[in-house]
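Novice: Protein sequence lines, in the order shown, are assigned to chains X and D. Quick note on this note's numbering: the first sequence kicks off at 1 and runs consecutively. Quick note on this note's numbering: the second sequence kicks off at 1 and runs consecutively.
Take these hints with a grain of salt, some might be off.
[As the list claims (entries may be wrong)] Cβ-to-Cβ under 10 Å is the rule here; a few derived chain D residues that face chain X: (1) Ala36; (2) Phe153; (3) Ala270.
[What the hints assert, rightly or not] Sample of chain D residues with no beta-carbon within 10 Å of chain X, all distances over it, derived: (4) Tyr6; (5) Pro7; (6) Leu13; (7) Asp40; (8) Gly74; (9) Gly96; (10) Gly100; (11) Gly108; (12) Glu129; (13) Phe140; (14) Leu226; (15) Val239; (16) Met256.
Because the hints were derived from the structure by calculation, they are not lab data. Where a beta carbon is used, it is the ideal one built from N, C-alpha and C, also for glycine.
So the chains spell out like this:
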Amino acid sequence: MQSTPGQAADQPVISLRGATASLGSRPVLRGVDLTVHRGEVVALLGANGSGKSTAVRAVVGQVPLADGELSLFGTDFKRFRAWSRIGYVPQRTTAAGGVPATVREVVSAGRLARSRFGLLRKADKDAVSRALSLVDMDAYADASVNALSGGQHQRVLIARALAVEPELLIMDEPMAGVDLANQAVLAHALRTQVAAGTTVLLVLHELGPLEPLIDRAVVLRDGCVVHDGPPPEALGQHALPGHDHVHPHAAHDAEPQRTGLLS
Amino acid sequence: MDLLDYPFMVRALIAAALVGITAPAIGTYLVQRRQAVMGDGLGHVAMTGVALGFVLNTSPVWMATLVAVVGAVGMELIRSRGKTSGDVALAMLFYGGLAGGVMIISVGGGSTAKLLSAMFGSITTVATEDVTAVAVLSAFVLAVTIGLRRQLFAVCQDEEFARVTGLPVRLLNLLIMVTAAVTVTVAMRIVGLLLVSAMMVIPVAAAQRVTRGFTATLSLAMAIGLVVSLTGTVTTYYVEAPSGAAIVLLAIGVFMAMTALSTPLARRRAKAARAAEEVCTRDDVKV
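Same shape as in the complex, but just chain X:
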């Protein structure tokens, strides 16, 4: 996608068009269109294996596209270098590695997007402290991540993305395996970010406590977009994609390139 600098302001933050991708020989994305505008909070929903995780990983360049176009902040992905505008929370169950690390050390890794060389300056340390207090982990800053609970691991991973001070937050299942108390903390952190104007794209299994924040939901099934609009009401287990508000199989099987309802 070509862009001229003058248009950058009204360009969508994320523009993915006709994306196809395979993992091994299995097609996982079959013509996905996904557009996210500045200030929007978009949830990507779908059952396991629907391609929602692959779609966000494609957006941050971690899954190569077989076909389709991707641009971020109006810049074609191949020429995109402004990584400090993006905070990414990959799908993880743990923030720990093979060697102990403190919460502060893990969260400080987010600052590398801004200070690629050199030491942590005061601005970096302040940003790390702010990120830690946003997810209510200040008290654990010098604790080892190995000693944390599952919900606290997610809070650390989100703090690491917030430490980037991003304009766009991309999160892959941030609520997976997180208990209600921790979900409330994360919802509060996200609300603060959204109020400050951050654009958010997040993969969710169900809307849960984040529902009031979501502007738009994009539902995937079998690698195709089957819904793009207001969040489906009362999205419980029985209302998951594949049960209602979806189009018949034949439609996307016949024309996988054009199933995106955005176009």
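With the hints as your guide, set chain D onto chain X.
Specialist: Structure of chain D alone, referenced to chain X:
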């Protein structure tokens, strides 16, 4: 001390100090990305370089460095592809290196006994030009492992996140493996190629019994490495034994001591953590 009157002993102690610091420094990153075994593989591959050095009458240290670096690049390429057959490919590279070394030195008219000191280390084999080579290579290893520690930490902790922050992850991964290869040849004279991996892993394992943070683990592992390396080298001045064996056994002793020390420490921390947890949960429910 009378042992410092012998020039060979001074050279051995300098080399031992450098090994003790550098091996745990790069080892920390290998352990962090759960590839403790890579150092062992590089040691095996370097054997071909040592044999080539003997046969071609060039410096075994530089030849081993060259071959180990080539092997390291190969290993990183296999690893980064992430294929399931990568395991088998790595095994072939490891044992091919070892077998190649033995074959080259036999065919080249040397005795495989020459390889023995390279395998297990010997304080009497550190030549003057070796000290220079080891010092230069150590400077490189320390510049990478300390100078780039934030970047390397991020890459070893979470590769995907590191890529999305825009770090040149492929280059940094390659740098880790090349640095590990260089460390292998730094350690060759004192610890030996078959035991070098122990010096990359055991001080780190010992340190992390008592540490909570990454920088703390890195620093303590280097301190432990320095102490056991010097102590082991001095020991083999008095006791007729390969220096590598003495150093590695000492390192294991330190690991066991740290483990004994860590049990009461862990219990106390767990208690403190439980107390903190309770307070925190109550707060969360109120919100």
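Novice: For this structure, which hints from the list above don't hold up?
Specialist: none
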